[in-house]
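**Q** Single-letter residue listing:
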Amino acid sequence: MALKRWQILGVLTLFGIACALVLWGRGQNDLVLPDGSAAQGRVVITYWEKWTRHEYDAIRAVVDKFNMGQREVFVQLLSISQIQNKTLLAVAGGDPPDLAGLYADQVPQFYEYGALESLGDLQTEGVLTKDTYKPFAWRIMAPQQIPYAIVTTPAVIGLFWNKDRFTQAGLDPETPPQTLEELQTFSDRMTERDAQGNLTRVGFLPNEPGWYDSMWGVYFGNLLFDAQTGRFGINTPENRAAYIWYQNYAKHYGAQEVQTFSGGFGQFATPDNPFFTGKTAMVIQGPWFPTFIARFKPELVGHYGVAAFPTSYGKPGDAVLGDADVLVIPHGAKHPREARQFIRFMIQPENMEALCRAQGKPSPLSYVSDDFLSNNPNPFVRFFDELGRKPGMHIMAPTATAVAVREEMKQASQSMWRGADVGTTLSQVQTRVDRLVAEHNLRQAQRKTGGQP
Amino acid sequence: MATPKQFCRDNITWRQQVTAMLFASPMIIGFCVFMAIPLGMSLYYSFCDYTMLQKPLWVGGDNYANVWSDIVFWKALKNTLFYGLISVPCSLAISLLLAVLLNQPVPGRGLFRTLIFLPTLVPAVASAMLWLVLLNSKTGLINTLLNPLLALLGLTAPGWLQSTTWAMPAIIFMSFWSVGHTVVILLAGLQDVPVELYESAALDGCNGWQRFWNITLPTLSPVIFFNLVMGVIGSWQVFSVPYILTGGGPERSTLFYNMYLYQTAFTELRMGYASALAWIQLLIIVVLTTLVFRTARKWVHY
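Just so you know, the protein sequences line up as chains A and B, in that order. Letter by letter, the first sequence follows residues 1 to 453 of my numbering. Letter by letter, the second sequence follows residues 1001 to 1302 of my numbering.
None of these hints come from the bench; they were simulated from the model. Computed from a prediction, not measured in an experiment: that's the story for all the values here. Please note that the accuracy of each hint is not assured.
Claimed, not checked - The list that follows gives simulated cross-link-like pairs (lysine-lysine, BS3-like), each with its CA atoms no further than 25 Å apart:
1. Lys251/A <-> Lys410/A
2. Lys50/A <-> Lys410/A
3. Lys163/A <-> Lys315/A
4. Lys1138/B <-> Lys297/A
5. Lys1075/B <-> Lys410/A
6. Lys251/A <-> Lys1138/B
7. Lys334/A <-> Lys50/A
8. Lys65/A <-> Lys334/A
9. Lys1078/B <-> Lys410/A
10. Lys334/A <-> Lys1055/B
11. Lys86/A <-> Lys334/A
12. Lys86/A <-> Lys1055/B
13. Lys65/A <-> Lys50/A
14. Lys163/A <-> Lys297/A
15. Lys410/A <-> Lys86/A
16. Lys86/A <-> Lys50/A
17. Lys315/A <-> Lys390/A
18. Lys448/A <-> Lys1078/B
19. Lys130/A <-> Lys297/A
Said to hold, decoys possible - Just the calculated beta-carbon pair ranges, DEER-fashion:
20. Lys1298/B <-> Asp421/A: 18 to 26 Å
21. Asp1192/B <-> Gly16/A: 40 to 48 Å
22. Gln196/A <-> Thr1114/B: 25 to 33 Å
23. Gly16/A <-> Thr1013/B: 23 to 31 Å
No residue lacks a Cβ here, since even glycine has one placed at the ideal position from N, Cα and C.
Can you make the complete structure from the sequences, with help from the hints?
**A** Here it is, written out as structure tokens:
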């Protein structure tokens, strides 16, 4: 049956309404400046950022300042979950945002696969220089000496301790453990069990929160990745020592008992976080932690301290874990020039400090103003700033395979916690990782030679 | 009598054919853009080293060959098979039991039907979060109820999601939460069983069990068969609940096939290998479904 005229008109009308709605939706973008005026006539660039809550508010303030300070560019800031996957798909699909706030471990992946715009021109101009940044931040930004990202907020990992729990256990609340042996002794003194022998409070558990379970070796002198040989340090004497130490906690407190005990831990960003409830007295965390304590357990403010984590071979602080949030221009961005304009603004010390201060984190810059250190919501920002300058800073390996290796080590550490033989497990992981790296290197080499083996 | 071809030629005008194609075109275009082309592309990528960010590099059958020595692949395969072997028949049995009960003329039957169907309306993420609370080893409702009972035997309830032994059974148990769809389909099937058969059986002196075994089950077998096939396919699509509850842990004891595929593709950026995994998964589903169809000749009565 052929369509009647009124039916055709009806279909066309519906199609017209749909188009109008789409166009109207496009016009409803948040293109209003903080003072309420419209940002008409400007080049609009999109900026995807992972942050939420107070961390989003901090970057929002910096973006607003940029938008108000000039008339050519409008940065449209969007808070995006699962940003690494969405940015990846957007780049692959040829429609990435102009700016993306990724995690540090994505930089080598994206860089190696050609998904990032080089910021080498800013380096040539002298705007973005190695000396301006703390060395570990620069290593994250420039995997091969040329910057492909800027560190927005750095993370340096330390040992937080609950002073009240120290006092209750008869320990000096102002003196954190200086050695790994002391850490174990202090932990034992603060560990309590009920009448049935079930754990009710523990001093320290190396697998809580479990975010750094793949990297314990650094505190025993292990090199996570040897840039000379291109090999990950997994089945090394130092790493074996690290995971024997790690496993000993499970044996000491009982893997089954710890499992039942830690099953009652609440989520990180809730008042039920085990450090907030006093179920654990010491934990490794980053500079963001004081902000979360102030938010979820304000009674704990002033009753905790933070120190460098002890090492097996030297003083606390001889080995430090570093991480960061970064800002990149994805390859294929529609407005790379305007995105660079924002990055130029972002890396100015006053703006960098404004962002880090509002998030309660240290600055990635080597020069830090007194005002930043003195008027910071994080009472330990000075400590973190100093810790971030230590020569023994370790970051994730600057290779695309590092993410897969971390996952392998995470799974292996769980097995070892439950009693798997350390030597055998690490040997198996080393074999699997070596194979993965070899295959990756082969494929990358084949790409360079046009597919020839 | 005219053949269909002649009928088309004689009775449908060119204009009518164009109109029909125009109406069908959204589906055809959608199928090509979102199904056929991606399917073809993924088959091609499965023979390539592909990161999504670089051009695919042809590696022949290497991805398929590497699967054999990939211990994580075998672990994910074993987990998924185990889940399917336990979850699918148990879900069917529970659904059948509930459907038979809900088919009885009891007061409040409509309310019970609604209550059993209701969980299927809850989004997977929300129900996973709910179960996360229920299964908490210290404060969860399940252990709070179990512990006093187990204490009589000198036992304690397990840390469900932290235990390599209990995490998978917990996820299987959770899958029973959403049997509502199957119950509704079985209930519809039960209401189609001819009453005369039950009447004849009653005259012949059959008891309740004999009526169920000799009348209800055979009559319901096509519906059970349909649900079995859907259940087998569904068991290979499990992702969101374990992803939220355990992330595949502890020690990959709840790493499902789809989770490994996702991790390979989007975390490790090994899209070529992930595509090979996807095609192997399709092959496994086809084999399993074929097996179910083969056995159907023996127990499905149309």
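**Q** When the structure is checked against the list of hints, which entries are broken? Sort them ascending.
**A** As far as the earlier hints go, 18, 19, 20 and 22 are violated by this structure, in ascending order.
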